[in-house]
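Student: Position chain A against the provided structure of chain X, taking the given hints into account.
Those sequence lines, one after another, are chains X and A.
Counting in the working numbering, the first sequence runs from 109 upward without gaps.
Counting in the working numbering, the second sequence runs from 127 upward without gaps.
A hint or two may mislead.
[Claimed, not checked] Calculated pairs, DSS-like style, for lysine-lysine (alpha carbon to alpha carbon, straight line, at most 30 Å):
id : chain 1 : residue 1 : chain 2 : residue 2
1  : A       : Lys149    : X       : Lys177
2  : X       : Lys177    : A       : Lys220
3  : A       : Lys149    : A       : Lys302
4  : A       : Lys223    : A       : Lys302
5  : X       : Lys177    : X       : Lys122
6  : A       : Lys149    : A       : Lys223
7  : A       : Lys223    : X       : Lys122
8  : X       : Lys151    : A       : Lys223
9  : A       : Lys220    : A       : Lys149
10 : X       : Lys177    : A       : Lys302
11 : A       : Lys223    : X       : Lys177
12 : A       : Lys149    : X       : Lys151
13 : A       : Lys302    : X       : Lys122
14 : A       : Lys302    : A       : Lys220
[To be verified] Restraint-style ranges between C-beta atoms, simulated for each label pair:
id : chain 1 : residue 1 : chain 2 : residue 2 : range
15 : X       : Gly160    : A       : Glu186    : 18 to 26 Å
16 : X       : Ala139    : A       : Ala268    : 28 to 36 Å
17 : X       : Pro180    : A       : Gly255    : 51 to 59 Å
18 : X       : Trp152    : A       : Gly185    : 15 to 23 Å
19 : A       : Met135    : X       : Val156    : 48 to 56 Å
20 : A       : Leu265    : X       : Trp152    : 21 to 29 Å
21 : X       : Ser147    : A       : Arg299    : 33 to 41 Å
22 : A       : Gly275    : X       : Val163    : 18 to 26 Å
23 : X       : Ala200    : A       : Leu265    : 13 to 21 Å
24 : A       : Gln219    : X       : Ser147    : 41 to 49 Å
25 : X       : Met127    : A       : Ala183    : 29 to 37 Å
26 : A       : Val248    : X       : Arg182    : 46 to 54 Å
27 : A       : Ala183    : X       : Arg182    : 44 to 52 Å
28 : X       : Val156    : A       : Gly185    : 18 to 26 Å
Note that these hints are calculated values from the structure, not bench results.
Backbone N, C-alpha and C define an ideal beta-carbon position, used for all residues, glycine too.
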Amino acid sequence: MSDHRAAGEEHGHKAPNYMLIWLYLFILTIAEVGIAFLSTFPKWVIVVGLLGMAVWKALLVALYYMHLKFEPRRLRLVALVPLPAAAIMILAIMMEYI
Amino acid sequence: MAHAQAAIMDRPPERGLDVYTQKVGMWVFLCSEVMFFAGLIGSYIVLRFGASDTWAAPGEVLNVPVTAVNTFILICSSVTMVKAFAAAEADDQKGIKRYLLLTTLLGAMFLGVQAFEYTELVLHGEWQGSHGFTPAAGLYGATFFTMTGFHGFHVFLGVVCLAWATIQAYRGRWGKDHHHGIEVLGLYWHFVDLVWIILFTIVYLI
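Bound conformation, chain X alone:
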């Protein structure tokens, strides 16, 4: 592990603690299933909570496992490009019901 950390430092950043990220993902997955089946909150609270945790997990994967947190700013911009485009597309489809 120490060898791997040293290797990460060669790329200009300290290698993240990958096992800690894995633990976060594991705990969040268990929490999601627990909230979906065991909680007594109103439906909309459950939906918002589950979506929030899904986005949190996705961010952990993108930032630490895909190393976006450590990439040059211009590459991060490339990665962000489809997000507003996807949001516009989904909203445009949903306009059918507005």
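Tutor: Same frame as chain X, now just chain A:
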């Protein structure tokens, strides 16, 4: 010999984005993949809003505990993938082989569990009084199999590429000066994991 050594070394980052070309190419490809899955998810949301009475409650038809275990398997495969990359950066040949092999096996295990899930649904699933939950089971069945099926196809392609990368690892291809291939493959694999995180929540839990 020196020429052969130079030929298998990774190219340095290009000017401009300050990133090597293959990584930029993979990110641009992943951008197109985001739009592909956004189309599927957007359609799913609209169809579900429009016909919510034809959707089952979470766990009523789908086997959530089995899929939660499958989600865990995919998360584990992401950590082994990133460990393979870290091992390559550190020129740890044993680590590269071990983690690439583990990632391939975990990816194959995910596909096996998904195949089991599909088989159980088609043969023993119950939905709106009919026996068997298939892609023909209304909008619910069609959207479920379309979204998880396309994701499964992406996992399958990833497992094929991982198997190739593992074979290459046992031939000594990857190392400190030649690991861009593992990083680019890792980007694809983590993206597949990321998409599943979203799909698991939207399709199985909400």
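Student: Of all the hints numbered above, which does this structure not satisfy? Sort the numbers upward.
Tutor: Violated: hints 8, 12 and 21.
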